[in-house]
Amino acid sequence: MSLFSAVSLTAGYGRQPVVKDLSFEVEAGCMLGLLGANGSGKTTLLKAVCGILPHKGKCFLEYNSQESIILEELAPRKLSGLCSYIPQRSGISIDISVLDVVLMGFNPQLGILEYPSAKMKKAAREALQMAGLAGKEEENYQHLSEGQKQLVILARTLAADGMLLLLDEPESALDFRYRYQMLELLKEWIGKGRRAGIAALHDPLLALNYCDKLLLLAKGEVRAVLTPGEDPLDKMEKELSEIYGAVSLQRCRDRSGCERLVMLKEAEK
Amino acid sequence: MKKKVLSLLLVLSMVMSLSACGQKNSSVNEETAVSEESTAEETADESDSKTEASEPEETAYPVTVTDQAGREVTIEKEPEKLVSGYYISTSLLIALGLEDKLAGIEAKADTRPIYALSAPELLELPSVGTAKEFDLEGCAALDPDLVILPLKLQDTADTLEELGIKALVVNPEDQELLNETISLIGTASNTKDRAQALLDFTAEQEQRLEEALAGTDTPSVYLAGNSDFLSTAGETMYQSSMIQMAGGVNAAADITDTYWAEVSYEQILAWDPEYIVLASDASYTVEDVLADPNLEGCAAVENGNVVQIPGDAEAWDSPVPSGILGAVWLSSVLHPEQCPESDSQAVIQEFYETFYGFAYYEN
Amino acid sequence: MKHSTALPTMRIKAFCAAGTVLLIVLAAVSLFTGKYPLSLEGLLSGDPMQLRVFFTLRISRTVVGILGGFALGTAGFVYQTVFRNPLASPDVIGVSSGASAGAAAGILFLSGAAAVTLSAFAGALAAVCLALALSSLDRSGKNSTIVLAGIAVHSLAQTALMCLKLTADPERELASIEYWIMGSLNGISSYSISGNLLLCLICLIALFLLHRQILLLSAEEGEARMLGVSVGRMRLAVLLTSTLTVACVVSLSGLISFVGLLAPHGARLLTKRNTAGTMLLGGILGAVLLTGADILARSVAATELPVSIFTSLLGAPFLIYLIIKGRQKA
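Residue numbers (the working numbering), protein chains in the order written: chain R, 997 to 1265; chain W, -13 to 349; chain F, 36 to 365.
Hints are all accurate, no fakes.
Calculated cross-link-like contacts (lysine to any residue; reagent style SDA-like; alpha-carbon spacing at most 20 Å):
(1) W:K138 / F:A203
(2) W:K118 / F:A195
(3) R:K1215 / R:G1053
(4) W:K94 / F:F144
(5) F:K307 / R:D1091
(6) F:K70 / W:D240
(7) R:K1074 / F:R268
(8) R:K1145 / R:I1090
(9) W:K118 / F:C198
(10) F:K70 / W:A247
(11) R:K1145 / F:S253
(12) R:K1231 / R:Q1246
(13) F:K48 / R:E1135
(14) R:K1261 / R:S1237
(15) W:K67 / W:L109
(16) W:K94 / F:A203
(17) F:K70 / W:A239
(18) F:K200 / W:D121
(19) R:K1261 / R:L1229
(20) W:K67 / W:K87
(21) W:K138 / F:E213
(22) R:K1052 / R:R1011
(23) F:K200 / W:E119
(24) R:K1234 / R:M1259
(25) F:K48 / F:T310
(26) R:K1118 / R:G1131
(27) W:K94 / W:T116
Between beta-carbon pairs, the in silico distance windows are:
(28) R:A1071 / W:K94: 51 to 61 Å
(29) F:R119 / R:V1003: 33 to 43 Å
(30) R:E1063 / F:A168: 37 to 47 Å
Computed footprint of chain W on chain F, listed as stretches where at least three residues anywhere in the stretch have a Cβ under 8 Å from a Cβ of chain W:
(31) 80 to 87
(32) 210 to 217
(33) 220 to 229
Please keep in mind that the hints were generated in silico from the structure rather than gathered at the bench. No residue lacks a Cβ here, since even glycine has one placed at the ideal position from N, Cα and C.
Pulled out of the complex, with its shape left as it was, chain R reads as follows (with noise of 0.2 Å):
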């Protein structure tokens, strides 16, 4: 059994679903990319499996090879320890150190009264200089750049160790550098131990060279899943086409002999 699974999940604002009876599944050890036009559903989505937004349906976690949990049964505390969530954009808007956003991230293995320990905070210097920031810890967040602020989000969640991580566009503020730095951690991150990951990203490319699978999202419905270390090129370029427009995809290789997916815009016809 994978280590995610979700089963006929509906979810939408208001009466109106935008998620309709979506299914699908996630190995220990993969990122699930989510890809779909504006609107088609991947907040939404994500939202749902995390609990902010009521929704119909089941999401289980393989807590380990006894035990699967459903999540919609788990109290936000429980829920917050197993699951991260990264927003599109951090909604933190006070004065506060760097430093004490990601030891945020520590509150669900905390009791309501405690404060972070000597090792939480020891943890979290060290997420902060796996994200590239190391010296900031006293700075004031909001002096911060988009993309800073971003990385520091992301250092916190990975501090915070839970088993699924979901992240809706991480990248779109970070500019070129700082994405595929980004991408690499969480890579890396998800290799060790029991994770996995679902992301809505901003950039098809990125998504088709860090992710293991593909969601393609239309209307709230599966369109198709796309594996894009093995699915032939043609296959791929017509699923895509239908939500880019007409694209054309390349595999070509970078210096050390690594293969990587370019895709290309054609003109429409």
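Take the given structure of chain R and dock chains W and F to it, following the hints.
Chains W and F only, in chain R's frame:
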């Protein structure tokens, strides 16, 4: 800028004319009111009439009076139907023997025991509202010949005038103004001799107290207000002169506020008054004050000299026609030797029997 | 923009220490300011009257000034953080107007200062419970719902207050209501305050223990939830606790304007951070402001003046100074 100066001048001139009116009023008062249009009767004798005016005096209608807002009002004939929008004027009308002519009075009449004691029929009369919410139409519907209103309702008086209803504005804020009110209404309603008798009674008592208390020492008195024990009357207030007449000194004499002023427990302890007198409508009791741990050590509390002004008939600490009785009563509290309680009781009994027609003390 | 790592924490500590020193000075001045002449010699020589005034009146008034200001400042910090709105204050969810209506009802229908305090407290609590109950009708549990419900309750309480004022006797009851609304620490003595202060202190301790949760609530609802906060329940608990602290103070003193708004802002502008230390500094500034204002309120004139006049008079220039200073630096 010009406009500002102009309006300032306007205000100034208004103030001056107002104060001029005030002066005129008090001078009118000395001569027992009023410039009468027809043959003015001899009124000059009246002013020094410590000896009760014996010859009955009639108001000759039409009569023009200046009320206490400075408005000139001409009353064509003796009013037969009266409306009073103020408890002091209502009480005054009873004292002048005019309760049968009243057609409407202010709201909350049931909170004034004097009505029930002296003229219970007033409680059945329609209400014309309060100073805050005057019922203009209800008042007009009663079709009164004369309406008497407090100064707060001056605008209402003007409106009534436009409706063709005569209205007098009164402002009995202190003893002098009250005397003026008494003369004014006495003239307007053709009850001058009874009004004079009322004025004489007060003057007599003032004189009696002054003579009886000459040369005695004056204990300090803290007067606690209606709304709160910590509110008190400064020197310029009516209540302060009551203390003075009764042979006491107002502990709060250095407060110059013209309205109830807020003080602290510390202040009272610093004054350390010999007597504490509670306003008659106080929302707390003598027991409350005696039991108040914050006042421990205060001379008045230690000696049990905490009293409340009786309010069985009227609040004597307000400028009502019976206001002088407050000083009479308090004099017996402060100086029982010079002013024995039995004397004071006799005065109080006499006042209510004469002017309100009931016995204050049941024997 | 280079900070050495320890700097902001040091700053907060330094400001808290300076604030505490100022507060101690003000407390000493407050203990020896008043209408009854007190002297150190008199107190030491055991003059019974001086001792009585000192222990029953001065100390309690000073304590209420300090703790009340501290509570208002802290509660203001909590409201502003939880509502993510710099203009939030206890008025937002109707606690002040509820307390006023309660006090007015107490003045009209009950007798005795203790009864008025109790009914003001009940009014404040009723207003907050009503606001939170109304907001719970909307399942989405948004902050804006609570604010809207608060505005509705606030206007309801104002209407009730107006009706009560209308029925009040202008000579005494209306005057009492007006004076109560103006707010004053006059008439406070050790006999009337212990219950309120104890509850206030307990609530304050609870708020400081919960400070981590309060800061977490400043994130967006979904984010806070994914950080393991039961947003609805925690927000309810925090708001109820901070409202209780305010109700404890306001029911003793009447309305005190500006402290709850200004003190936390001052603390934030000074420290440029939001931590437990900032919350503490907000409380200290509130205490300084209220104690200072009360010293003036009882000594400027021959009579007692409403303390709100001076909290605004002292507070407004301070806030303006901080804003201008912040502008120049930026």
